[in-house]
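Visitor: The residues making up each chain are set out below.
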Amino acid sequence: MSRQAILLGGLAAAFALAPLVAGPYLLSVLVVVMYFAYVGQAWNIMMGFAGQLSLGHTLYVGLGAYTAAALFVHLGVPAALGLFAAVAVAAAVGGIVGALGFRFGVKGVYFALLTIAFAEFTRILFEHIPGLGGPAGLFLPVGSRDSFDLIHLRGHPLMFYYLILAMTAGIFLLCRRLVRSRLGYTWLAVREDQEAAAALGINVFRAKLTAVMLSAGLTALGGVFFAFYYNNLFPNQAFGMNRSIEIILAPIVGGLGTLFGPILGALILTPLGELITAVTEAMGFKAAGIKQLCYGLSLLAIVKFLPDGVWPWLRGRLGLDRGPDGEDES
Amino acid sequence: MSAAPLLLVEGLVKNFRGLRAVDGVSFSVQAGEVVALIGPNGAGKTTVFNMIAGVFEPDGGRIELAGASLVGLRPDQVCRAGIGRTFQLVKPFGNISVEENVLIGALRWTHDLGAARRRAREVLDLLGLADKRRQMARSLTLPDRKCLEVARALATAPKLLLLDEVMAGLRPAETDRMVDIFRKLNRETGLTIVLIEHVMRAVMALSQRVVVINTGKPVCEGTPEEVVRDPRVLDCYLGQEKL
Amino acid sequence: MSIDLANQILTGLLTGLVYSLMALGLSVIFGVVRVVNFAHGEMTALAMYAAWALFTWLELDPLVGMPLIALMLFVLGYIMQRGLIDAFVSKPEHIQFILLVAIAIIMVNGSLLTFGPDAHGVQVSYGFDTYEVGPLLVDKVRLLAAAAALGISGLLMLFFRRTMTGKAIRACADNLVGAKVIGLNVKQLYAVTFGIGAACVGAAGALLSLLIDVMPSTGPELTMLAFIIVIVGGLGSMGGALLGGMLIGVSEVLAGYFLMPSMKGMFSFAILILILVLRPQGLMGARK
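Quick mapping for you: the protein sequence lines, in order, are chains A, B and C.
Going left to right, the first sequence walks through residues 1 to 330 as the working numbering numbers them.
Going left to right, the second sequence walks through residues 1 to 243 as the working numbering numbers them.
Going left to right, the third sequence walks through residues 1 to 288 as the working numbering numbers them.
Since the hints were derived computationally from the structure, they do not count as laboratory data.
Where is the CB? At the ideal position from N, CA and C, for every residue including glycine.
Accuracy of the hints is not assured; some may be wrong.
To be verified - No farther apart than 25 Å at their CA atoms in a straight line, the calculated lysine to any residue pairs in the SDA-like style are these: (1) A:K107 with A:L183; (2) C:K91 with A:G316; (3) A:K291 with C:K91; (4) C:K187 with C:F88.
Stated by the list, open to error - Quick list of the computed label-pair ranges, beta carbon to beta carbon: (5) A:H128 with C:S2: 22 to 30 Å; (6) A:F139 with C:T56: 34 to 42 Å; (7) A:A88 with B:D180: 50 to 58 Å; (8) B:R134 with A:I151: 48 to 56 Å; (9) A:N242 with B:N41: 50 to 58 Å; (10) B:H111 with A:H128: 44 to 52 Å; (11) B:W109 with C:L254: 56 to 64 Å; (12) A:A166 with B:W109: 51 to 59 Å; (13) A:L20 with C:V89: 35 to 43 Å; (14) A:A88 with C:D129: 53 to 61 Å; (15) C:F128 with A:N242: 33 to 41 Å; (16) B:Q88 with C:L254: 50 to 58 Å.
Generate the whole structure from the sequences, applying the supplied hints.
Guide: So this is what it looks like as structure tokens:
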């Protein structure tokens, strides 16, 4: 554990100090890395902990983003308040999806399809809601670049950088606490064997629903960040299937169900994507889709050769997987 | 039987798509008793257990624990009401340690992780699994898995323990060890036990009363010695495994 | 009911039959190999691109080129199963999904790179001909495509019922262990089954190219459509795939007619959610 703590601390320090040496482009890449680490971690709660595969997770990003953005654009509600509404909406919808799924015993592929159906339904719905910009998009008024207005989330890119860093660190620590908590063990039991878990007094439905709602709510916070950082929202982007796939790439490549997985996955995939784009543009051809193609190939490679993700393999190599009491660390 | 029974099962009926699996089974269990439920394969014993444990809802009859009805409760609610159960085909949480398995059981009894861990260790000591507590549950042998299954159920601090063919697949020495553990538990803590068993060695050694059922219907009831000699009981086993 | 609406419904029915053929492939694959083919629509899109390419460069009418395209897809499907997917058949579900999601991503972006983001359609010389059926007007192209789809579906059903291979495949689906025990080469049969499913997709894609345009985004849309049809109709039921296809075809048309064309997708997804929750075995599936 101490070795893992060192690694974590080092990583956090590196990110905290990066703005001192990195230029705006690199910083923006790091923001994307952290965003995907954050959202991937939030997704991981549902999948890694409760074992429910959500392939339509961008639904919660979109709901969080649009809720907070719409409140700001139409009612002037600052982000700091709007985020509560965003989380509530997403958690509620997550609750509906979960309740429908679990109450009616929708499992496995059917549950994954249910999540996709909800996301797609919402995407088309949002293309038709007046006041949210429709397919042409919802635009947030851009604030002054020199302010550090956290309440309204208007300001310097550096503010956003440290915000997402705090969010990523926060969710990591939260998950860490959860894993070794009563709730974490409950989820573990549910994931391992639902019948046995029930025989031990665990309310399986409630445990799974809690995971889904927590995951949805936390994901929505990522959506709020997304809305105020990029200042524009399109239903196609916010709710599109591509986004859902992007969200799951980092935790799967990094390591499903592990704490470091989403971070490692994001650290690998985002720079890889940027690198590929840079190389292909340098070679002279602007190829749309080549980045995604490479992501697809990476995913294929991971699933074939390292199905548990890179982190479990890496930590085995680095000898980081034994804690002081011989327990398996995440 | 003057005192109110801890567990009361009366007129239990269960149909599965036209097949009457359980037909009018009744018995009661006093607090602190050890009662065995026996009968040939397919007699409906596990179905009775599953109804008590809340896995199935009975189509008729009463199930009461200390006077409160268990009918319609979910399995987790039944556990919280005070019934622990093991499964015929053991279900360990394979990817975590033995101790963590039992810990999860203990978390029904306390919310505090530290207290739960201590209880888990106590129970593991009792079952003789203390030295294996760090092992992954999936690496255990079958007898140890059975012990783990029992330990986990015990950790929930049940008033009544349902054991579903716990002795199956164990060698005589292991069977005797299990019997001793249960005897000790029953004697020292007053734990009430209801067990389904085919291993007569265990039934004779452990139970104070035996309930016999066949094809879902009750056959007879009595002390082990009485039941073993009852012609009706011998009748339903003829052609199957001999006692 | 207005003539216009009746025409629309007929259109929906006919288009739906072609969708059915595509969904039939999925039903076959999932019903037997038990793998969730998330790349199903993408494979269909590949077939559509192939049809367009053959039409554009060789002036081959997709109706004529259909057998060839079906064969090409059969080979693709066979190789996919044998070479890649087979190793994952016994792995946990989420790993299978991700494998096929990866394949789907590769196919979509491969198409994007190869054919570009623009829509491509096939415009045959008789594309604007219509038949008159009583008061209704039917597109010749649509009628031919639907007839072909129906014919192929019928052939497929005969294949599974009458031929030895077909029965062997059904045996694998019914009872895998039993099939192995009697010596069936399951690996080979799985590959053949995937190939057959892919061939359906190939034929359906060729036919679809006559009816709708193909773009990189068509793939994922068709995947979802295929799943909706199969689930609504009932997994493992061939009749269900046909029924589901026609139902979805008509519901799309109705949603476009009564609501707004851009909302038709919403309607289909709402139906999927309802079915998943209320009757997951589908309209014609057997209750598990």
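Visitor: Run every hint past the structure and note whether it holds.
Guide: We went through each hint and held it up to the structure:
At roughly 22 Å between alpha-carbon atoms, A:K107 and A:L183 fall within 25 Å of each other, so this suggested pair holds. Note on C:K91 and A:G316: the hinted pairing holds, with a Cα-Cα distance of about 22 Å set against a maximum of 25 Å. Between A:K291 and C:K91 the CA atoms are separated by roughly 28 Å; this puts the pair beyond 25 Å, and the hint is violated. Taking the CA atoms of C:K187 and C:F88, the gap is near 12 Å; set against the 25 Å cutoff, the hint holds.
Take A:H128 and C:S2: their Cβ atoms lie about 25 Å apart, and the range 22 to 30 Å holds. For the hinted restraint 34 to 42 Å between A:F139 and C:T56, the CB-CB distance of approximately 40 Å keeps it satisfied. A:A88 and B:D180 have their C-beta atoms about 56 Å apart, which keeps the hinted 50 to 58 Å range intact. In this structure the hint that B:R134 and A:I151 lie 48 to 56 Å apart at CB holds, the actual value being about 50 Å.
For A:N242 and B:N41, the Cβ-Cβ distance of about 55 Å falls inside the hinted range of 50 to 58 Å, so the restraint holds. Hint check: B:H111 to A:H128, Cβ distance near 47 Å, so the stated range 44 to 52 Å holds. A hinted range of 56 to 64 Å for the beta carbons of B:W109 and C:L254 is consistent with their spacing of about 57 Å. In this structure the supplied range 51 to 59 Å is violated for A:A166 paired with B:W109, their Cβ-Cβ distance being about 38 Å.
The supplied range of 35 to 43 Å is broken by A:L20 and C:V89, whose beta-carbon atoms lie about 52 Å from each other. In this structure the hint that A:A88 and C:D129 lie 53 to 61 Å apart at CB holds, the actual value being about 57 Å. A beta carbon spacing of about 36 Å between C:F128 and A:N242 agrees with the range 33 to 41 Å that was offered as a hint. Between B:Q88 and C:L254 the CB atoms are about 52 Å apart, so this pair conforms to the stated range of 50 to 58 Å.
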